[in-house]
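Quick note on numbering: our numbering labels position 63 of the sequence shown as 80, and the sequence is numbered without any gaps.
To be clear, the hints were calculated from the coordinates, so they are not data collected in a lab. Glycine included, every Cβ here is placed at the ideal spot set by N, Cα and C. It is possible that some hints are incorrect.
[As the list claims (entries may be wrong)] Derived DSS-like pairs: lysine-lysine, alpha-carbon spacing no greater than 30 Å straight-line: (1) 39 with 73; (2) 39 with 92; (3) 88 with 102; (4) 102 with 92; (5) 92 with 47; (6) 22 with 102; (7) 102 with 47; (8) 39 with 102.
[Claimed, not checked] Ranges of calculated distance between the beta carbons of each label pair, as one might list FRET restraints: (9) 112 with 143: 31 to 39 Å; (10) 69 with 132: 17 to 25 Å; (11) 134 with 99: 27 to 35 Å; (12) 101 with 22: 24 to 32 Å; (13) 100 with 31: 52 to 60 Å; (14) 55 with 93: 26 to 34 Å; (15) 52 with 132: 45 to 53 Å; (16) 52 with 127: 39 to 47 Å.
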Amino acid sequence: MDLIKREFVRRILSEEGDRLVKNQGVAIRKQLEFRTGELENTRTTSVEGGEDLDGKLVFSHPIHERFLDIKRRVKRKRGEGTRIKYGYRIHDRFVFGHYGSIANRLMNEFIEQMAEGIRREFEQQMK
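Please take these sequences and the hints and turn them into a complete structure.
Laid out in structure tokens, this is it:
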């Protein structure tokens, strides 16, 4: 059963990682103009696991993606104080949105039918 749970977690993390890259890519293409395409093309996800860990989703992206998302205070001209300038919504919105989706799926989707399906797949691979 432990092997089945690990496979379930790996599948959920893999699916959500792929969705994260796809959904974030749509927003990046919509909001930004590209010069080199590095921001969109170098984003990757991978699932890691081990003996003591069921799974970990690793999301790699260029560091400047995060800085494009940050809101900042900008000085106005003629000494009128400051205003808040919002960044592009291309990082936090997707990362934390998918974090919630992963948590929900891990809590609610592991049912006996899912476990039975994974068990059957393992048996077919062993034959």
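To test your reading of the hints: which numbers does this structure violate? 2, 6, 11, 12 and 13
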